[in-house]
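> To convert, take the position in the sequence shown, counting from 1, and add 321; that gives my numbering.
Don't take every hint at face value.
The calculated label-pair distances, taken between Cβ atoms and stated as ranges, are [unchecked claim]:
| no. | residue 1 | residue 2 | range |
| --- | --- | --- | --- |
| 1 | Glu488 | Glu458 | 17 to 23 Å |
| 2 | Ala480 | Glu458 | 17 to 23 Å |
| 3 | Glu450 | Glu412 | 55 to 61 Å |
Keep in mind the hints are simulated off the structure, nothing from the lab.
Glycine included, every Cβ here is placed at the ideal spot set by N, Cα and C.
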Amino acid sequence: RRVGHAGPRPPADRGPGRLARAQAREGPRAGRAPRQPPRRRREGPREGRAQHGGRLYSHTGYYEAVSFKKRRMIMPNELRLANALRVLEQEPVTNGVSIVAPSYSCSISPRLRIPYHKGSLFEIPPFDEIELDRMAEFYTDFQVAAERPDGSLLLRMSAVTAGNAAEFRKFITLT
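Please model the complete structure; the sequences and the hints are all you need to start from.
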């Protein structure tokens, strides 16, 4: 693997064997800029910042039977990196059972479902027509959207995004 950026090649002498003799005499990096030291990586914890509300409020996990319009706040122990680091920091268990959540191919058994208290679910109200109209006008004025969608398309977009402004913004750029 080559480290650093390779500079332009030195001009080659014309004629057979001259380049090989020049490289043998001056070395393979003759005429090139010196290599830059590799960048130092920042050590220590990094802060994760949420770009929008869709990162903080997610659809429920572990196959909870909940309406599409309900989301719950993600707890810190559910973030994959934080959870993996906590698992690595723990002492290894000698007599324990390891539970692995399945992928999207099958559901989890009722005995292993995590009970969430009722206050952790948030109902996300849909946008009303005035809010939809203002959002469409805003995105059209700032040229995020090519053209302003009509009323029926705005209502469909609101139904598809289920009250999430980031998903609405993504959807309006596709129209």
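> Starting from the range 55 to 61 Å, see whether the pair Glu450 and Glu412 falls in it by beta-carbon distance.
holds (57 Å)
> With 17 to 23 Å as the target window, see if Glu488 and Glu458 comply at their CB atoms.
holds (19 Å)
> Given the hint of 17 to 23 Å, is the C-beta distance from Ala480 to Glu458 inside that range or not?
holds (20 Å)
Comparing the model with each numbered hint stated earlier shows that all of them hold.
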